[in-house]
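Position chains B, C, D, E and F relative to chain A; hints supplied.
Number of protein chains: 6
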Amino acid sequence: MSTRRVAILGGGNIADKNHIPALRQLAERVEVVAVCSRDLSKARTLADKHGIPHAFANTADLYAQARPDVVVICTPNLLHYSQTMEALANNCHVFCEKPPAITAQQAQEMADLAERSNLMLGYNFQLRQSAEFALLRRCQADGLLGDIYHIKAHFLRRRGIPGWGYFTDKAMQGGGALIDLGVHVLDLALCALGYPSPNQVVGNTYDFIGKAGGKGLLGQWNPQTFEVDDAAVAYLKFPNKASIMLSASFALNMEAEKDRNLDFFGTKGGVRLFPFSLHTELAGELADIRFPHLEEIDIQLKNTAAFLDACDGLPSSVCTGRQGAILQRIIERIYQSAEE
Amino acid sequence: MSTRRVAILGGGNIADKNHIPALRQLAERVEVVAVCSRDLSKARTLADKHGIPHAFANTADLYAQARPDVVVICTPNLLHYSQTMEALANNCHVFCEKPPAITAQQAQEMADLAERSNLMLGYNFQLRQSAEFALLRRCQADGLLGDIYHIKAHFLRRRGIPGWGYFTDKAMQGGGALIDLGVHVLDLALCALGYPSPNQVVGNTYDFIGKAGGKGLLGQWNPQTFEVDDAAVAYLKFPNKASIMLSASFALNMEAEKDRNLDFFGTKGGVRLFPFSLHTELAGELADIRFPHLEEIDIQLKNTAAFLDACDGLPSSVCTGRQGAILQRIIERIYQSAEE
Amino acid sequence: MSTRRVAILGGGNIADKNHIPALRQLAERVEVVAVCSRDLSKARTLADKHGIPHAFANTADLYAQARPDVVVICTPNLLHYSQTMEALANNCHVFCEKPPAITAQQAQEMADLAERSNLMLGYNFQLRQSAEFALLRRCQADGLLGDIYHIKAHFLRRRGIPGWGYFTDKAMQGGGALIDLGVHVLDLALCALGYPSPNQVVGNTYDFIGKAGGKGLLGQWNPQTFEVDDAAVAYLKFPNKASIMLSASFALNMEAEKDRNLDFFGTKGGVRLFPFSLHTELAGELADIRFPHLEEIDIQLKNTAAFLDACDGLPSSVCTGRQGAILQRIIERIYQSAEE
Amino acid sequence: MSTRRVAILGGGNIADKNHIPALRQLAERVEVVAVCSRDLSKARTLADKHGIPHAFANTADLYAQARPDVVVICTPNLLHYSQTMEALANNCHVFCEKPPAITAQQAQEMADLAERSNLMLGYNFQLRQSAEFALLRRCQADGLLGDIYHIKAHFLRRRGIPGWGYFTDKAMQGGGALIDLGVHVLDLALCALGYPSPNQVVGNTYDFIGKAGGKGLLGQWNPQTFEVDDAAVAYLKFPNKASIMLSASFALNMEAEKDRNLDFFGTKGGVRLFPFSLHTELAGELADIRFPHLEEIDIQLKNTAAFLDACDGLPSSVCTGRQGAILQRIIERIYQSAEE
Amino acid sequence: MSTRRVAILGGGNIADKNHIPALRQLAERVEVVAVCSRDLSKARTLADKHGIPHAFANTADLYAQARPDVVVICTPNLLHYSQTMEALANNCHVFCEKPPAITAQQAQEMADLAERSNLMLGYNFQLRQSAEFALLRRCQADGLLGDIYHIKAHFLRRRGIPGWGYFTDKAMQGGGALIDLGVHVLDLALCALGYPSPNQVVGNTYDFIGKAGGKGLLGQWNPQTFEVDDAAVAYLKFPNKASIMLSASFALNMEAEKDRNLDFFGTKGGVRLFPFSLHTELAGELADIRFPHLEEIDIQLKNTAAFLDACDGLPSSVCTGRQGAILQRIIERIYQSAEE
Amino acid sequence: MSTRRVAILGGGNIADKNHIPALRQLAERVEVVAVCSRDLSKARTLADKHGIPHAFANTADLYAQARPDVVVICTPNLLHYSQTMEALANNCHVFCEKPPAITAQQAQEMADLAERSNLMLGYNFQLRQSAEFALLRRCQADGLLGDIYHIKAHFLRRRGIPGWGYFTDKAMQGGGALIDLGVHVLDLALCALGYPSPNQVVGNTYDFIGKAGGKGLLGQWNPQTFEVDDAAVAYLKFPNKASIMLSASFALNMEAEKDRNLDFFGTKGGVRLFPFSLHTELAGELADIRFPHLEEIDIQLKNTAAFLDACDGLPSSVCTGRQGAILQRIIERIYQSAEE
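Protein chains in written order, with full-length UniProt numbering: chain A, 1 to 340; chain B, 1 to 340; chain C, 1 to 340; chain D, 1 to 340; chain E, 1 to 340; chain F, 1 to 340.
Please keep in mind that the hints were generated in silico from the structure rather than gathered at the bench. Certain hints may be false.
Cross-link-like lysine-lysine pairs, in silico, DSSO-like; alpha carbons within 27 Å at most [stated by the list, open to error]:
1. K258/D / K268/C
2. K258/B / K268/A
3. K241/C / K258/D
4. K215/C / K268/D
Okay, chain A solo, but in the shape it has when bound (with noise of 0.2 Å):
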């Protein structure tokens, strides 16, 4: 099989020091034909880094010059529903960083669009890779867990509003903590249930500290520009009674700095996924297991790599359009509860 030739829309860190590396580590698989940015000197610096050959300035240039197979989409959330569009137009496959999009209409005509066309779009939640969600899906088969029917799940930050980029401004992102940083274990949360549309969404997001100021632990943020949510809660409810709680946050007045996890609970086993621990009963008596030698993996890599498997028709444990519009809907339905 020939390697497929694959075009990176966007400039930034996240193109140059994930996505490009990666695919370079899969050189048998894909090879990067151009990179394109609005301001082509940064197209142009991060080609000559990587040895892309070409750069280009607009879309229009790079699908009539590069014809590339695949994209992956690396720009600010408000791009990415147009350049998926576009790139399916194109007869591309789609890899688009998270979130998929702004709203549910978009993420759900992404989707449509992709399987009308036969093509494979996929988001990049790399925490599907990790070496501990891995050993969670793994345990679920073997019937460890039995059925879970409920889920923690959080991100949250005490003071970590980026004091770069768009992360605090609304039209850009299309939310803060919750788009942000909430997807990434909503996704696997809704992934170990088997993504089930839930049948009822609450939720409330704040911006008391955001708006207020404060010490910033990722760069120093503008309180006076700060647009979006600084901490956000949800509960989700589904037809099977299985429910989810979760939250996010950018800001919270928490002794962490950081602190992502997820509790699953089941009828025979639960999890804590960081680190990893399963509780259950053993020989009549109630288990503590720990796996003490999970390996390091490269999340971005097998992540990548995941995607291509999903394009060559493959097993694949990417999250595909499908998956997206569902998980979009639910972020949408997240920021209107907190609107009533």
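Positioned in the frame of chain A, the structure of chains B, C, D, E and F alone reads:
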């Protein structure tokens, strides 16, 4: 002021170990004059043990002969309503065990009658008197937290389904983990918010482990007769946008044998209750504050005293009939939501 | 079934603190009818203290007058043989303190006579009843360990030569650390292997510290009269290739004051006994399993009950006369090997 | 004194990473003149990397052309014997990797020929040069331990069967965990006792896990071709009553990933080697002594220098041919005992 | 030898809990014949409780009627001088609570009169009898420390101003933290140096917290009546160049609730007293030595026995009148220095 | 403003690793124009390494040819005085390494001349710029400590006598541990008090270990040529009753390898500097406050910048000539007191 005459309804552990010893330490304010239990021998044994003059098998005799001013209700949940109404009708102040009742309607009637009768109705949520919650209230008063906008409250046991009593009997108790354990932390959470009524309540209840059976850590329960929730989760939204995430369990596949805690997130500071720590900014830096010398408190004694203060018209931190009605309504709405 | 009549031989600590309290908790199954000690006043004091009707200074009177069904032997090791033989001859079941005897020949005769007489002979190795060893046996039964092929067993004290009793008197005890401490862990190791006879036994014994003197942590011993092994090590090979490494000490220049443990290495899993942990593979990963809620057990009570079960012909985990003979033969071979 | 001319046999890791760097740091005493490997390109690559003038594909050419004074043997165990004999015949001192050889007879011949030839034969047991073992020897010299009478020595891995090289090939290696890992700690134990020959050696070897397969922590081994011991245990008795308990494993169901240690028990004090601690009596009390500032040592550099000292007739702590023969004889007896 | 007749002056806690129980355990050497307290009922109660034959309200009657050989003084500091002088005049040995007196002049007179009268005057500094200080003295004797040239001694409390007794009353006590707590560690420091007189004494005292008020951890003191030092620091130089840094506090803004320790720095080794550790060089390396099995000691019993030894003319480690005079002079000089 | 021209005196480590890198990071404010060292080749090497245009062997040439505005003095203590005086005479601001000089008289003259010349003289006490000390100052400013009345300051090493340089040479250094290490913490202590002059200074110095020899942890020193204090202790009293306890050591028989800390005791709160913690009362309870996110600071860079601020007439936290004179006077008084 002469001492009040107190009668005890119920001859079980909670009367013997909690209420009577507390009342006896308050001998300057109260005299315990009678114990009443359907099982007269139980009543008599208890009365003899504690030097209480009278024992009765029914409340009619009790009111006729012992003429109490105060009634302390230590009977199964099912009886709280009728016994409180009767006590109020007999012109007694009432100090009732938690939860207030089985239904919201009952709790409402109880509060209404008490108010109409100008009598005190108090519920025995002793955690309010803990050094930690008292300090939280002082920190709130000193402005160290700003406004609290989110609270996580949980009271979880891994395998703590009691192997005795009525705890798994739905008719007698009205429910399981939620109504027995969850109420404690819910009361504290509501208290910290000023005891508002939520505009939205959703939740779920589960009984997988209770019905399947397993290793009991509080005696061995019988899965055949298990009728209640072994776990419950809920989400509450309030008119001012504040929210509470609540969870309670008798049985859950988790690591800790017992995990009871509350996190209060405020605009200026946050508090984890057990052990108490305060997280805020000070001198331009993020600061974690601990209070290493909190006193051990006899919380039953203090709560009984607080109830008596309320009877005397003094300021009091005891849970009132009005608050109990709000609380009971929330419990009912969670159980209803779980059925949807 | 009527209760059995039990007589106690020996008026020392082990009768007073271990056996008699256990027997009295089993009052539905046994009645302690007599205590016998060469020092009649000791016997009488003990009998009075525990409400036992008779006290004797010799066994002849005991058998003649008290007509016991069961004899519990709590005398120095030297007397185990003759008193057991006499008891069996008087048609009594025998529950004898460890070690079985002084020589292998004695233990063999004791087992033979018991079997010929259809009487139960049991030895009091209580560690068999510990929650940890019971769980090991259940794990074995559930196949969690596969086949055990190597065991490390040690019972070591840094300066624990007892400063009282006969512990350093070779004639009375038959040896030192090996026969007093080593037997406990050796019994567990053999039990886990199915109590096979080894085809090879080698070992050494030492008495350097015992004879040189030093700081005593269990009272102060007298180096002048020290006659036994203060340390012993041995290696056992079994026909199925399994092996045991055994070590025991009263005194050894090590850090811990006391170190008693066993490691069981099986084809599928391994167990460290104290605190219990199981090491295996699960879901394709190396897994460490802990059981955080093992119950505290009154191991003497449970072992006495197990002995009575055996008397009743029920399945029992008590050490039998046959096993005791195998154990004693190993002890003898270790001492012999040490002399070579 | 002019520098010695050194030739390296073997072009693998141990030559590249250990021996050649050490020899180059000793440039005042030695000059590395040649590398020899059956695979000439490997030899050449290594020579070029380290600036060594000559590379050979066979030893005949090596001796003819490079005329070395010293030969360092870094080839598989199977070749140690023939290459050492040839080197000695060519009038070279020999510094040979451990273990000495495959059979005791070989090691004996090697030692005999070296002595007859007045040439130094040394084995590379570098742990002798560790700060801990050096301190043990000083403590022995200062009389802090008295006489050592028992040693526990183990070198255990949980799942450390190497997934590369000849480690599981019986013909090339002569054995598994015992001959590869066990020899290291056995050498230290024998050294501390003065390198006596034992009068009794018994032991067992196992291969259950190696043949069954499992999760590999040092690469993934192939159970199909696994031919050696994955675990070995042994017991050694010496004429002066001292004893050694030895165990080694590539794979064992234990908690630690790796556990390598020795305990030395002496009449006055005892030492645990890693981390070093000394347990004795001081000022009439039991005392534990730690040495918090032991230096990190380049043990290969120090052992190579010690070998060169021996070549120069200076006092040296390197393992000699004579000691290697004793060690090899013990290894052989353990493997024989395991077959009985 | 017949037992000595002991009289107790003072009816407070220290008599009841410390001295009388210790004396009663020494019944072979002493008989407690009388208690004397200005408050006769207190004296009588104490006498009855401990089976002491006589109780007096004044010392005149005591000496006339009870004819004691030994007087133990457990009264407020202010009375130590006059009661000691009177007791010596009545031909009694005196065992006096610490501190010796209020002024240096008093302590000097007390020592002089005792010596002139050939009577023993001892002070109750019990820490001298602690296992740790006794071990320090043995280590000194064994030469493990060389010569001690600097000592840091401190006895600090965070908020330990006693809420009862005379502790904050300058006239009755003579001072605060220094004279109540500091004397204990100063006595040990001086003892380790051979009880020399310093050639220079400087220091300061403070009372900021004591006078400002705050949270009391030993009851609640009254800042209105607080007259003494809540903290004191001092520096002592001795003719041989040795020096002591001393600090003591009832109240200080520090983390620990209580911190009492001494560091002894010697030419060969140094000791931290609690928990005892010795830091020196051994076998050419820096060594840290711990003594894990120091016995718990009843230091009051041992100090009372030491005092009786001194009365009997035996070697004794009790603090003598002569030493007490040196100590008191230092205390006075510190207070004077603080006024400069 | 044009950049200042900076010349470096001294070609050692402190110039190479500390001052020049800091100055180069401040390229907008300064240009390093010359290095001067008696050893011209050293000066040239340093200049080349850092791209500095000129190198000189004497200061006369330096001033004549390089015409600096600022001189940074990185030479041995003995030269600080003469080089500073010369630099001031040449109209240069001076940034001098600590300690200021050898004698108090020198430091006084240096300060006087600088003031008369309207030039800045600063000393390089970089710990002032540590996050911890800066936070202490902010806490003082916010009133969290009240008034500080006692400080314990120590900078102790167990065996840290440097094995290189002039550290043990009295003529070149002016002293040992006190003048090299003690000055750092003394400067901080004085700074926190407002840099008052003490009315009383007493102290001692020792050299037992330095002269006896031992294991060196910072290279191996030579006891034969050891001339300075290996330990020093001192006590300082100030007119406002505040006091400082100071200790410093190159070598002391203690457990820690290095122990450098300060405790500040104030009327409202106390601070331990490393790691920073604040102990006070809050909400009526004793509170311990930690600041978990203090930034790592390049303290040399910040102190150099502070010196430049001072040259520019801006507020600055650098140690001034006036403060240096006070400090040097205290050091001298301690050394004098030690001689008494």
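Each hint tested on the structure:
1. Only pairs whose Cα atoms come within 27 Å are accepted, and K258/D paired with K268/C is accepted, the gap being roughly 18 Å.
2. Only pairs whose Cα atoms come within 27 Å are accepted, and K258/B paired with K268/A is accepted, the gap being roughly 18 Å.
3. In summary, the hint linking K241/C to K258/D is supported, as the alpha carbons are separated by about 24 Å, within the 27 Å threshold.
4. Taking the CA atoms of K215/C and K268/D, the gap is about 12 Å. The hint holds against a cut of 27 Å.
Violated hints for the displayed structure: none, as all numbered hints are satisfied.
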